[in-house]
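Novice: Take a look at the letters that make up each chain.
Number of protein chains: 2
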Amino acid sequence: MRGRRTSGAVRPDDIRQHNLSLVLRHVHRDGALTRAELTQRLHLSRSTVGALVGDLAQLGLVEEVVPSGGERVGRPSHVVAPHAHGPYAVGIDVDIEHVTVAAIGLGGTIIAREVLPTSPEVTPTDLVALVAGALTGLRTTVGAASRVCGIGASVPGTVDLSTGRVGVAPNLGWEDVPLGEMLEDVADGVPVVVGNDADLAVLAEHQRGNARDCDDVVFLMGRIGVGAGIIVNGVPVRGRDGHAGEIGHNVLDPTGPPCHCGKRGCIETFLGENALLGLAGRPSRRTDTEVADLFNDARAGQREALRAMGAAAESLGRCIADLLNILNPERVLVGGTMAELLDLARAEVEAAVERYAFERSHPGVELLLPAFGADSALLGSGEIAFTALLADPR
Amino acid sequence: MRGRRTSGAVRPDDIRQHNLSLVLRHVHRDGALTRAELTQRLHLSRSTVGALVGDLAQLGLVEEVVPSGGERVGRPSHVVAPHAHGPYAVGIDVDIEHVTVAAIGLGGTIIAREVLPTSPEVTPTDLVALVAGALTGLRTTVGAASRVCGIGASVPGTVDLSTGRVGVAPNLGWEDVPLGEMLEDVADGVPVVVGNDADLAVLAEHQRGNARDCDDVVFLMGRIGVGAGIIVNGVPVRGRDGHAGEIGHNVLDPTGPPCHCGKRGCIETFLGENALLGLAGRPSRRTDTEVADLFNDARAGQREALRAMGAAAESLGRCIADLLNILNPERVLVGGTMAELLDLARAEVEAAVERYAFERSHPGVELLLPAFGADSALLGSGEIAFTALLADPR
Numbered sequence: 000m001r002g003r004r005t006s007g008a009v010r011p012d013d014i015r016q017h018n019l020s021l022v023l024r025h026v027h028r029d030g031a032l033t034r035a036e037l038t039q040r041l042h043l044s045r046s047t048v049g050a051l052v053g054d055l056a057q058l059g060l061v062e063e064v065v066p067s068g069g070e071r072v073g074r075p076s077h078v079v080a081p082h083a084h085g086p087y088a089v090g091i092d093v094d095i096e097h098v099t100v101a102a103i104g105l106g107g108t109i110i111a112r113e114v115l116p117t118s119p120e121v122t123p124t125d126l127v128a129l130v131a132g133a134l135t136g137l138r139t140t141v142g143a144a145s146r147v148c149g150i151g152a153s154v155p156g157t158v159d160l161s162t163g164r165v166g167v168a169p170n171l172g173w174e175d176v177p178l179g180e181m182l183e184d185v186a187d188g189v190p191v192v193v194g195n196d197a198d199l200a201v202l203a204e205h206q207r208g209n210a211r212d213c214d215d216v217v218f219l220m221g222r223i224g225v226g227a228g229i230i231v232n233g234v235p236v237r238g239r240d241g242h243a244g245e246i247g248h249n250v251l252d253p254t255g256p257p258c259h260c261g262k263r264g265c266i267e268t269f270l271g272e273n274a275l276l277g278l279a280g281r282p283s284r285r286t287d288t289e290v291a292d293l294f295n296d297a298r299a300g301q302r303e304a305l306r307a308m309g310a311a312a313e314s315l316g317r318c319i320a321d322l323l324n325i326l327n328p329e330r331v332l333v334g335g336t337m338a339e340l341l342d343l344a345r346a347e348v349e350a351a352v353e354r355y356a357f358e359r360s361h362p363g364v365e366l367l368l369p370a371f372g373a374d375s376a377l378l379g380s381g382e383i384a385f386t387a388l389l390a391d392p393r
Numbered sequence: 000m001r002g003r004r005t006s007g008a009v010r011p012d013d014i015r016q017h018n019l020s021l022v023l024r025h026v027h028r029d030g031a032l033t034r035a036e037l038t039q040r041l042h043l044s045r046s047t048v049g050a051l052v053g054d055l056a057q058l059g060l061v062e063e064v065v066p067s068g069g070e071r072v073g074r075p076s077h078v079v080a081p082h083a084h085g086p087y088a089v090g091i092d093v094d095i096e097h098v099t100v101a102a103i104g105l106g107g108t109i110i111a112r113e114v115l116p117t118s119p120e121v122t123p124t125d126l127v128a129l130v131a132g133a134l135t136g137l138r139t140t141v142g143a144a145s146r147v148c149g150i151g152a153s154v155p156g157t158v159d160l161s162t163g164r165v166g167v168a169p170n171l172g173w174e175d176v177p178l179g180e181m182l183e184d185v186a187d188g189v190p191v192v193v194g195n196d197a198d199l200a201v202l203a204e205h206q207r208g209n210a211r212d213c214d215d216v217v218f219l220m221g222r223i224g225v226g227a228g229i230i231v232n233g234v235p236v237r238g239r240d241g242h243a244g245e246i247g248h249n250v251l252d253p254t255g256p257p258c259h260c261g262k263r264g265c266i267e268t269f270l271g272e273n274a275l276l277g278l279a280g281r282p283s284r285r286t287d288t289e290v291a292d293l294f295n296d297a298r299a300g301q302r303e304a305l306r307a308m309g310a311a312a313e314s315l316g317r318c319i320a321d322l323l324n325i326l327n328p329e330r331v332l333v334g335g336t337m338a339e340l341l342d343l344a345r346a347e348v349e350a351a352v353e354r355y356a357f358e359r360s361h362p363g364v365e366l367l368l369p370a371f372g373a374d375s376a377l378l379g380s381g382e383i384a385f386t387a388l389l390a391d392p393r
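These protein sequence lines map, in sequence, to chains F and E.
Anchor point for the first sequence: position 75 equals 74 in numbering that gives the first Met the number 0, and the numbering is continuous, going up by one each time.
Anchor point for the second sequence: position 187 equals 186 in numbering that gives the first Met the number 0, and the numbering is continuous, going up by one each time.
Just chain F, same shape as in the assembly (with noise of 0.2 Å):
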């Protein structure tokens, strides 16, 4: 049963637009590729493939060149590559304290990226406002010749894809904001999707970094508060609502610490940068700076630091546990903050998903940093910003 669904019959004229869209999608997960290999991937002909390749190069998505560098001798091979001044995608990551506006090309290069500060009390209005300032900024660096094709946007919280409202964005206060709709009125007529950082961080890593080629991942995106972006069978896990993930209100402990949520002892409480502060003895309110502080501290031996960080590994465990259980990953990504306690404390934290693991889930699991480390969920808004392109090149 698995796979297949049963709807929908396949009609020859439907043909000819997935093939573009094949050809289209190998070129812009890989980078340049031969004639040769897009045959050989795609079991086609050597006439189709061109025929294909001179359809997408018309469009202005690829352009056929010879590659710089190289030692090879003889007649260099020409590459199918992302067209240089083809449509590029912007990528825009809400965080507590800045929000990144970057132009990804397809390839998912990061062409031009502008970062600015903002604050955990920015309101919906002013960050759209920096956002229409940072779009033209972008447009003027990027240069006239290429068109945005698509805007997609992470933010820390709760998202409707299918509509890009956003539920609940604890951290910036946020409750019920149509932010696909306020970006689209700065955008001049580009599509714009929205959808949450760990979702969006594990497309990425799926697609060009640390789950490549992995069809079951979990991505643990543990900053203030701790969600999981997850791909089963090679597909995005959104559930009902688009809040699948939410694993940071699960509950480790009914009568621990008081979670923003209304209930008690969410794994968020004794696993985000909060929690981390408070395991520590710092001061409630937190900062990048205080986190940055904290790690530092914990890395030159001081005490309270590190026994934050020991009781903290100790949580993550568990939590990477219980996915392991219910998922049964490949691998499992952690990124934000936690990839940092990860990289610290990996012994504490790998010890105690061995205590709390099934015994037959655990064994081999990977437990990895993310490839593009801060920049995941950045990548990913651009690939969702794509999606429309991918499916129809034409």
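Don't read these hints as lab results, they were simulated from the structure.
Please note: incorrect hints may appear among the correct ones.
Claimed, not checked - If we take Cβ atoms under 8 Å as the criterion, some of the chain F residues that face chain E in the derived model are:
hint: 1; residue: 35
hint: 2; residue: 39
hint: 3; residue: 129
hint: 4; residue: 329
hint: 5; residue: 355
Said to hold, decoys possible - Footprint (simulated), chain E over chain F, 3 or more residues, beta carbon under 8 Å:
hint: 6; region: 157 to 171
hint: 7; region: 230 to 240
hint: 8; region: 256 to 267
hint: 9; region: 316 to 325
hint: 10; region: 356 to 364
Every residue gets a Cβ at the ideal spot worked out from N, C-alpha and C, and that includes glycine.
Given chain F, work out where chain E should sit, using these hints.
Specialist: Just chain E now, with coordinates in the frame of chain F:
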């Protein structure tokens, strides 16, 4: 990025097999359908549908019949129905005190079944011998006009789907049992597939039961152990090793009762049948009769029995809440003994879900009993036995 995979171009050659498979799947899932209904559903021409139906009839898989009954006036429409003497699947449900072996026709109809008493100490060899006897009996009952197209077996344990090997079935005391191979030895060349009970239960309910047309659903199976069968985006979640759904081993309380898995405080130790008996102060030697008595006593208002149900309802609600947070499904089906618990203490279970779930994940989620009662896993074992035939009816 959702859905489409970047591998495999579509060629016209694939289309006929795909469409034959599609027609057979529709008839298998929905029973008799008119040609007009098939034409409309598949967006194919009438003549194409006619040719596909003709091919399937020639293969002995479907037949066109005048439906019996009905009060309609005028010439009755012929319907395309599973062939009365078409191939059948054998489904096997291995439970702790009995094994059920059934002949299941296309369309999911149980044609005949044998229920054989066993014991928790049954060895794999003894069990396979029992099944072999039942297979012979079923062949006689069904008659020589039909052939067996596949055998599926459901086991309360972890299963490697690709090899049919049972990793661990703790309540049978089985570890690393090559059940698939052992069944093949008595199967006269018929292919054998083995699956986990919760995984198969959700499959059957998704196909024709209470998860029909619902692509994000969890089937929480609680007998002695507790496990989940999960469908996301319409596709079963198996994980890297086929062990997804082991939520019974998520730790509710690290200082809780010891679990057979070696940890303490797993959900199973608060929610399984042994836990229920223990909470009510009943003997630790669990039998089907003891469990049934406990539920009868609770229904009759016996105080200890009710207290046990109340405590287990709290744990069941917390377990469901954890699944809602991570997967945000549309429905949760509760099966096995836990179905009786939900039936008896729905208000308490729902209150606990509300107390523990992330506020945006639970409103409107339906908690349902399985449409097929205790037969969901059995019917699911029939479904996996039909997989090969449905994928390629030729």
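Novice: Would you pick out the hints that fail for this structure and give their numbers low to high?
Specialist: 1, 2 and 3
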